[in-house]
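Protein chains: 2
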Amino acid sequence: MSIKAVVFDAYGTLYDIQSVAAITEEAFPGYGEIVTQIWRIKQLEYTWLRSLMRRYADFSDITRDSLAYTLRVLALKHDGGVFERIMEKYLHLDLYPDATAALAALRDRKLAILSNGSTGMLNALVRNSGLDRVLDAVISVDSKRIFKPSPDAYTLIESALGTPPAEVLFVSSNPWDACGAKAFGLNVAWIERVTPEAMVLVCAKSEMVAPLTMFKAIRTQMDELGLEPDYRIHTLSELPVLVAAHER
Amino acid sequence: MSIKAVVFDAYGTLYDIQSVAAITEEAFPGYGEIVTQIWRIKQLEYTWLRSLMRRYADFSDITRDSLAYTLRVLALKHDGGVFERIMEKYLHLDLYPDATAALAALRDRKLAILSNGSTGMLNALVRNSGLDRVLDAVISVDSKRIFKPSPDAYTLIESALGTPPAEVLFVSSNPWDACGAKAFGLNVAWIERVTPEAMVLVCAKSEMVAPLTMFKAIRTQMDELGLEPDYRIHTLSELPVLVAAHER
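Protein chains in written order, with this note's numbering: chain E, 1 to 248; chain F, 1001 to 1248.
I should point out that these hints are in silico values taken from the structure, not numbers from a laboratory.
It cannot be assumed that every hint is accurate.
With a Cα cut of at most 25 Å, we get these calculated SDA-like pairs of lysine to any residue [what the hints assert, rightly or not]:
1. E:LYS77 x F:LYS1004
2. E:LYS216 x E:ARG248
3. F:LYS1077 x E:VAL200
4. E:LYS216 x F:ARG1248
5. F:LYS1216 x E:PHE83
6. F:LYS1004 x F:ARG1248
7. E:LYS216 x E:VAL243
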């Protein structure tokens, strides 16, 4: 079956969410890393919890709420300006270094983003990073008022692009997202950014109890959800070859 | 409105899930704490993710899968006997010291557990801790094949006890559970086991970057989900007075 469309997750896949750490460190010296990590964990939790509770709020509100939570529990005093400066970074996240070239090499397919991000956040982010010139669609879960990995979110790919799941390759670095897409019936390439071997090396060192390790341990390794992505890759630059090989 | 039934969450509320740490430390010296923490985080994540993906597996399977994940990412080698010994502890968790007296003092109301735990796990746990003699019902989400905080889970209270939400006090130490119960329409007492003041003290100390801190930061403080429990208490022993006062 040929791949007619390649659809990417945004946060953590095309865009490096860890790139907020420089701003949080500047705002709260010594706390940049832990703020970034707790913020991301709670941001994800709130998408899942609100989806289950049927109390949808868009990703922009959830991102604010999870940042507010993080600064509250760490008792980091701040004024509104600092808060807004950190939030603003979410509209200017760094692209991963391999993103632009990989997208260019795939331009004979339909290219899109399917993201938990709100329409407003995604449009700003895509424009600010120049990806508006290469993407055919930027799809937010907003219209379904539920977050990934609900199957309702993944149905938006076919509605937006007209491409059935069997002809779509979905690309995500988030293990839960790769599993959700696979459960839905998409072809899935999971980007394994931290290999098990690297994880073991980190754990074997004396700093194994540092939060960075813990964060890597809970976020970067494939989950035990009874599902397996079709492909495991390490960088976006592997995609063009993979897509060509899939069709043989 | 009078409170006809008091319904408790099990894991973290009546039973101390941190009591597995002694077993994990014995099995993996130096790793007991981080195993316990990553295990719990992934256990919760898997309940939410599988609910959203509509791929229910019972809590017993999820508890195994999340332990397998934890030992894999930390590269902790083990044989099947060790794995089963750790799992077995989940059927023999310690009651919080204030649980038995609080339940005895409330015995003029209907008393029940509503838990994500599977029927088998809960029945064993309740029997092993002697709570089968004081509880009127032990309700598992199993029959709905979805986990808290889905409203479908909280509907089981009325089906099992015949008591409408307005006459139920639901008690949980898990912030997301307290919010889910509140969103559903129950009266909710949230047990704040780690106060914000204690949290600030932990964060102010030099070990602020230790995983225990991070775990406390992401698990023990009230979430920003736009919901507020009716009551905040610090120990189960406050419940009898609270229930009496609620009726005045």
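Okay, the hints, checked on the actual structure:
no.: 1; hint: E:LYS77 x F:LYS1004; verdict: violated (43 Å)
no.: 2; hint: E:LYS216 x E:ARG248; verdict: violated (35 Å)
no.: 3; hint: F:LYS1077 x E:VAL200; verdict: holds (12 Å)
no.: 4; hint: E:LYS216 x F:ARG1248; verdict: violated (51 Å)
no.: 5; hint: F:LYS1216 x E:PHE83; verdict: holds (23 Å)
no.: 6; hint: F:LYS1004 x F:ARG1248; verdict: holds (14 Å)
no.: 7; hint: E:LYS216 x E:VAL243; verdict: violated (28 Å)
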